[in-house]
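Enquirer: First to last, the sequence lines map onto chains A and B.
Residue numbering for the first sequence follows the numbering used here, beginning at 95 and increasing consecutively.
Residue numbering for the second sequence follows the numbering used here, beginning at 95 and increasing consecutively.
The hints are simulated quantities; they were obtained by calculation from the structure and are not laboratory data.
Be a bit skeptical, because a hint or two may be false.
If several chains are the same, the list does not tell them apart, and a pair holds so long as it fits within one copy or across any two.
For lysine-lysine, the following BS3-like pairs were computed, each having C-alpha atoms within a straight-line distance of at most 27 Å [claimed, not checked]:
| id | residue 1 | residue 2 |
| --- | --- | --- |
| 1 | K396 | K261 |
| 2 | K323 | K396 |
| 3 | K492 | K517 |
| 4 | K513 | K167 |
| 5 | K305 | K517 |
| 6 | K194 | K296 |
| 7 | K323 | K516 |
| 8 | K245 | K513 |
| 9 | K128 | K437 |
| 10 | K437 | K114 |
| 11 | K517 | K500 |
| 12 | K481 | K271 |
| 13 | K492 | K261 |
| 14 | K128 | K105 |
| 15 | K102 | K186 |
2 protein chains.
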Amino acid sequence: MQINGFSKLSKKDKINWLLKTYLYDVPEAAQILKQYWHNDVALQTLHDSFIENTISNFYLPYGIAPNFLIDGKTYALPMVTEESSVVAAASKSAKFWQDKGGFKTQVIDTIKTGHIHFIYEGETADLIIFFREHRAELLASVADLQMNMQKRGGGIKDINLIDRTDKLAHYYQIEFKFDTADAMGANFINTVLEEAAETLVKAAEVQLPAKLTILMRILSNYTPDCLVKVSVSCPVSDLAQDSLSGEAYAQKFIQAVAVAKVEPYRAVTHNKGIMNGIDAVVLATGNDFRAVEANAHAYAAKSGVYTSLSDAKIENGYFYFYLEIPLAVGTVGGITAIHPLVKFSLQLLQNPSATDLMRLMASAGLAQNFAALNSLITGGIQIGHMKMHLNNLLTFLKATEAERQKAQSYFSDKKVSFKDLKKLLQRD
Amino acid sequence: MQINGFSKLSKKDKINWLLKTYLYDVPEAAQILKQYWHNDVALQTLHDSFIENTISNFYLPYGIAPNFLIDGKTYALPMVTEESSVVAAASKSAKFWQDKGGFKTQVIDTIKTGHIHFIYEGETADLIIFFREHRAELLASVADLQMNMQKRGGGIKDINLIDRTDKLAHYYQIEFKFDTADAMGANFINTVLEEAAETLVKAAEVQLPAKLTILMRILSNYTPDCLVKVSVSCPVSDLAQDSLSGEAYAQKFIQAVAVAKVEPYRAVTHNKGIMNGIDAVVLATGNDFRAVEANAHAYAAKSGVYTSLSDAKIENGYFYFYLEIPLAVGTVGGITAIHPLVKFSLQLLQNPSATDLMRLMASAGLAQNFAALNSLITGGIQIGHMKMHLNNLLTFLKATEAERQKAQSYFSDKKVSFKDLKKLLQRD
Chain A
95 MQINGFSKLS KKDKINWLLK TYLYDVPEAA QILKQYWHND VALQTLHDSF IENTISNFYL
155 PYGIAPNFLI DGKTYALPMV TEESSVVAAA SKSAKFWQDK GGFKTQVIDT IKTGHIHFIY
215 EGETADLIIF FREHRAELLA SVADLQMNMQ KRGGGIKDIN LIDRTDKLAH YYQIEFKFDT
275 ADAMGANFIN TVLEEAAETL VKAAEVQLPA KLTILMRILS NYTPDCLVKV SVSCPVSDLA
335 QDSLSGEAYA QKFIQAVAVA KVEPYRAVTH NKGIMNGIDA VVLATGNDFR AVEANAHAYA
395 AKSGVYTSLS DAKIENGYFY FYLEIPLAVG TVGGITAIHP LVKFSLQLLQ NPSATDLMRL
455 MASAGLAQNF AALNSLITGG IQIGHMKMHL NNLLTFLKAT EAERQKAQSY FSDKKVSFKD
515 LKKLLQRD
Chain B
95 MQINGFSKLS KKDKINWLLK TYLYDVPEAA QILKQYWHND VALQTLHDSF IENTISNFYL
155 PYGIAPNFLI DGKTYALPMV TEESSVVAAA SKSAKFWQDK GGFKTQVIDT IKTGHIHFIY
215 EGETADLIIF FREHRAELLA SVADLQMNMQ KRGGGIKDIN LIDRTDKLAH YYQIEFKFDT
275 ADAMGANFIN TVLEEAAETL VKAAEVQLPA KLTILMRILS NYTPDCLVKV SVSCPVSDLA
335 QDSLSGEAYA QKFIQAVAVA KVEPYRAVTH NKGIMNGIDA VVLATGNDFR AVEANAHAYA
395 AKSGVYTSLS DAKIENGYFY FYLEIPLAVG TVGGITAIHP LVKFSLQLLQ NPSATDLMRL
455 MASAGLAQNF AALNSLITGG IQIGHMKMHL NNLLTFLKAT EAERQKAQSY FSDKKVSFKD
515 LKKLLQRD
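So here's chain A without its partners, still in its complex pose (with noise of 0.2 Å):
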């Protein structure tokens, strides 16, 4: 089953390969793959071209959770997800918030990080001097590539040379710091590195007493410095709910996340849900989901033991819930001025910069975050849950209206089971 030169087989050939290798020829399997082609043929090989031996576009559904009034401003967030109930927490979320001030941010810093990797094995101070002589003419050599981004408010804020030999025998980095404006600034972080190193390694050949070597040059998808805050607050009585007060409904809800803050077990699960809300944005604006992934989940890490993104307090009176998150997105580059749905969701949110963009996905994960919290320190998350997987079923078995009505009556007040819904509506 090996093959040579798939790459550059046609779609229909790749299929078709593809059918007779794996899937006994049967018509019916093209079929699936074909029916989500789009029939204009000019907007399929857009799709196609995205990435590389394309057969078919795979659909998320793209839903909306309107009411998110953040920083004054009231926003309907485009959402990309596989996962029920998301959409509808973080719509049910933003609304309880809408009249109680909505989602405050603040945008600590937007600095990203990029370094050259290299061994060295003469002396550190060899190194030291030699940086210091050559660090004008490093910058000089990327001047060039970074004039567009200096335009745009941004470019090289700083580079240093870092000693590691602590952690590796001879390991050093020369470590840039960027400001990227409104892109995510990979390919710009990486041309620019990759500038540098050639300039350094030609130095370092005429300059340096011993041998160095460049092990890689590539921009950190870790940016700490590129940092959001987002809070709700209101007075701990309006929390109150049918079974209990405002005052115990806050003092449970804070314990929850102490729980997330104290238990790496319950942290990745609580912070797996702040994800849930920014990750549907992070899709539906064509951003990178595993670089924001990566970067949040090592920031919950930081401290030696994986924590809470979010916490919670009372003070004077007042309910606090906050999150603090590193988010290094683009408005501009990438995938963003070319899928057209991409477009769409930029234009909905009124054509966002970077740092709004951040604004508006760490509200989102907030949002999640706290209807997650509220769902299981009340009726938990399973009652919710079911109701959308009964919606799921309900497909699945292709259910008439009427018979949709009959069960969501029917388990309004019982567990869903496929066995039963089965049962009920007469299926085998």
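Given chain A, work out where chain B should sit, using these hints.
Expert: Same frame as chain A, now just chain B:
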């Protein structure tokens, strides 16, 4: 811009409200959303039902990475990602390792965990006796719920009382260990925990001298005991490249991994590359990438310092590259049986079990990591990236086939820039 009852509006009315409120009522905006609706109304209704407030389908490209030899069988991996060069890199790695024995995997264990988190304000000693006496009752109360899971080889494997009062006043857990067979298991675990918590509360009211308050009952997305290992290996001499001997290449590769082991700024990006491969298969098979991401990165931080998930070594003239990662994924439940392209993915993968899927995903991750490190320690990653990027830019400029060839030839030995491209193709 507040709206009540948004979720109850029809899809068209949702869009009309968005247009009026945020998009100056321009019909082009609606057209962008509508052009992605599927012509088959039943199929569109299916996709709409996955989440709430859906107004369109977000296309992610569905690509194929062939030639993955994993444990003696050759697979073509379905990959869903918006990032260019991921599928190309995976395919290149797969091809490289295919004639060297391929990927060898080992599933260490498949244990998942869930907790009843609670506060008990009395003596720990009383609680220990209480738990010992009611352990069987707790299990009996969820016997019905786990009957089906037991038939499929899963179920509750253990329950334990855990004293966490050293971390938080009066805080305890009842920890459940599960095997969830081919399901990811979130619904099953949460349903069991909620039922068991009810039993716990009832028994505690009668039998315990002090107050027991349930804080939360929920699965953990952290599954260090649902773990898979994957490795590739070959004689060091097989790694020789144009400018590097096999030995020099292997040493440089190992040093690059060593940097990711000691430097969190690098480890985050290193692991992000692993997840590029894994998440693409996670999405294509209908699994939950937020759960997979949170789990992986928390595992990378378990030593107290965030570090590389993969490692490399030379032993007896052989080069070994390997990855250890927790993966809690499923091939039944969720949207696996409902999303037509997810069903296709699972068929293409020969209807894998959940453990099979762990093996395939881990292999995709190691392949991606190998490709990234290979690029980083040789030519740098921008050459490949920019070649892919050029493709995107050409699509953006609606380049003709002749223009494409002209641009590809022009940039074959030059840095790609949008400015230069526009100049070359004489666009504005």
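Enquirer: What are the numbers of the hints that this structure violates, sorted from low to high?
Expert: Violated hints: 4, 5, 6, 7 and 13; rest satisfied.
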